[in-house]
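Visitor: As a plain string of letters, each chain reads:
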Amino acid sequence: MLKVDSLSVCINHKSIIQDISFEVPEHEILMVIGPNGAGKTTLIKAIMQNAKHDGAAYLDGKNIADISSREIAKQIGVLTQTHSQQFSFTVYEVVSLGRYAHQEGMFSKMGKEDYDKIDDALKLTGTYHLKDRSVLTLSGGELQRIFLASVFAQDPKILILDEPTNHLDLQYQIGIFDTLKEWVKGEGRSVIAVVHDLNVVYTYGTKALLMNEGRVYAYGNVDDVLNRENLKKVYEVDVALWMQNLLQHWK
Amino acid sequence: MIDMNEEKKAKRSVWPDHIVFLSFFAMLIFAFLLSVSVGSVDVSLSDTVRILLNKTFGIGNISDIPESLSVIIQQVRLPRVILAALVGAALSISGTSMQGLLRNPLADSSTLGVSSCAALGAVLAISVGFQLPQFPYFGIAAMSILFAFASFIVIMALSYQIDRNLSTNTIILTGVIISMFAGSIISFVVSISGEERLKSIVFWTMGSFSGRGWDYVGLITPFVVVGIIGLLRYSTELNAFALGEEKAGYIGVNTKRVKINILVFVSILVGVSVSVSGTIAFVGLVIPHITRMLIGSNHKKLMPLSLITGATFMIFADLVSRTVLRPSELPIGVVTSLIGSVIFIYIFYSQRQKQY
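In order, the protein sequence lines correspond to chains A and B. Quick note on numbering: our numbering labels position 187 of the first sequence as 230, and the sequence is numbered without any gaps. Quick note on numbering: our numbering labels position 46 of the second sequence as 97, and the sequence is numbered without any gaps.
The set of hints was computed from the structure by calculation and includes no laboratory data. Errors might be hidden in some of the hints.
In the SDA-like style, the derived pairs of lysine to any residue whose C-alpha atoms are separated by at most 25 Å in a straight line are [unchecked claim]:
(1) B/K307 - A/Y262
(2) A/K174 - A/D240
(3) A/K57 - B/E297
(4) A/K117 - B/T287
(5) A/K88 - A/Y262
With beta-carbon atoms standing in for the labels, derived distance ranges [stated by the list, open to error]:
(6) A/L290 - B/F395: 34 to 44 Å
(7) A/P68 - B/V227: 48 to 58 Å
(8) B/F76 - A/S182: 53 to 63 Å
(9) B/V253 - A/G183: 47 to 57 Å
Since the model is a prediction, treat every value here as computed from it, not as a measurement. Just so you know, even glycine gets a beta-carbon here, dropped at the ideal spot from N, CA and C.
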């Protein structure tokens, strides 16, 4: 279980995030939302010890700052926003890098368990047929799915996804979140997803964390957090009204 | 949908990996034998093989071959060619590691400034006449290894002051600055040196295997072996770095420690290489690119193959430097720069899109 306690990040005397606290128990899908610049990506960086911070993040009671990169990776998998594709690796090679944390020692080789996990991850994301292709030949959607496969191959307990379906069409959006919904049913598993699409929050989220200007604006059940007043205040647009108007088109 | 153009660019050579390895290994053996047999006195290939077999394994009879030829092969050519192979392998795997670590196709030991600093150490030793009593050349070797290490420490320390994360951009920038600084000091030393020392210094900064015997081979072999094993061990981590430093950290790589360790081993390899043969340009830059075109970007295959291609290239370059103007010698750096820059232009021309 992941617990965040009063996390704050200050860069060059400017406060980016302040006093963020929340908990993510088993089987939870926590949706982190908020306008651009609210500090969502910084929050992830701070949890993963990639940014100097005050306060702490705890993994099963242990302060993450005291855990080695390898041990963290065994428990937490991160899907980042952007992927650079300058290298001509095959899909299989990229996905198998997800097993890195589980291979200890200088001359560790991959065993049956590793190969099985990689194959399972490829099948889970519907990318098994792409496994020998070069990553340079993939479309945006396929690329996102293989990086998701890589994180699945890593076999962590907690998945942190930073805008996993940006730039992807609806089909992929639904596909990825459906997969996550199934995945999180496993023992000890939970998901934290930073998203922009508020409808995704309603459809797949179990809890929501609404951030604004580096602080927690609201945290709790999706319905409570996404109430009309909160959204109006934070997004400066009557989101509920906007969505209802949109719905008319689809009737 | 598969974009056919992308697929073509992404495909490396059509041959399976083991064929590539075997053929390049064969090329290495051939280059080795050719280089040992050719020189100011040519020995036929078959005689060369017979001499080598006899002296190394005690096989066969070479009583019909004049002793002087045998001595030339054994004492003059063999150590020199082996040295060229070792330095070629060392510089190539260093360049491959640097490019993988820094995600920059222009990275190599010269970029980091380590070569220039090692050369500076050697130049100072030569101009001051620093020599150990028993081993005349070892004073130069010691100084250049020392300076290679020192440059590494300076680059790390400076980079750390600027940026606690030791980001690769900072390291490259600091390396370039150090390189320019060392270069200007070398120029200064050159400008105030007398004619005697001058020729030797200049020849040194352009690289040479001339007159290097078994003592040199003995000096650098342990360092080269340690350095190469040290770098090969990080092949998987280098693959991870290709995904980006942030991602590498997220899959569990201790990026700070890996960076430092790789840089230490590169310093060892570059330091000893420069100490025995001066600065040899382009090898660490070009060989990784050529090898990538043959076998792809997976460092688990790229690193070992770069050893073979690097050694082969250096042996050929040394052969050319010895024979093109015989009986006098070209500095090998001239040969590698000329061939290297032509190859480099070809690589950039044939690959529109940057990929590695």
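Visitor: Run every hint past the structure and note whether it holds.
Guide: For each hint, the structure was consulted:
no.: 1; hint: B/K307 - A/Y262; verdict: 35 Å, violated
no.: 2; hint: A/K174 - A/D240; verdict: 30 Å, violated
no.: 3; hint: A/K57 - B/E297; verdict: 23 Å, holds
no.: 4; hint: A/K117 - B/T287; verdict: 17 Å, holds
no.: 5; hint: A/K88 - A/Y262; verdict: 20 Å, holds
no.: 6; hint: A/L290 - B/F395: 34 to 44 Å; verdict: 59 Å, violated
no.: 7; hint: A/P68 - B/V227: 48 to 58 Å; verdict: 50 Å, holds
no.: 8; hint: B/F76 - A/S182: 53 to 63 Å; verdict: 39 Å, violated
no.: 9; hint: B/V253 - A/G183: 47 to 57 Å; verdict: 54 Å, holds
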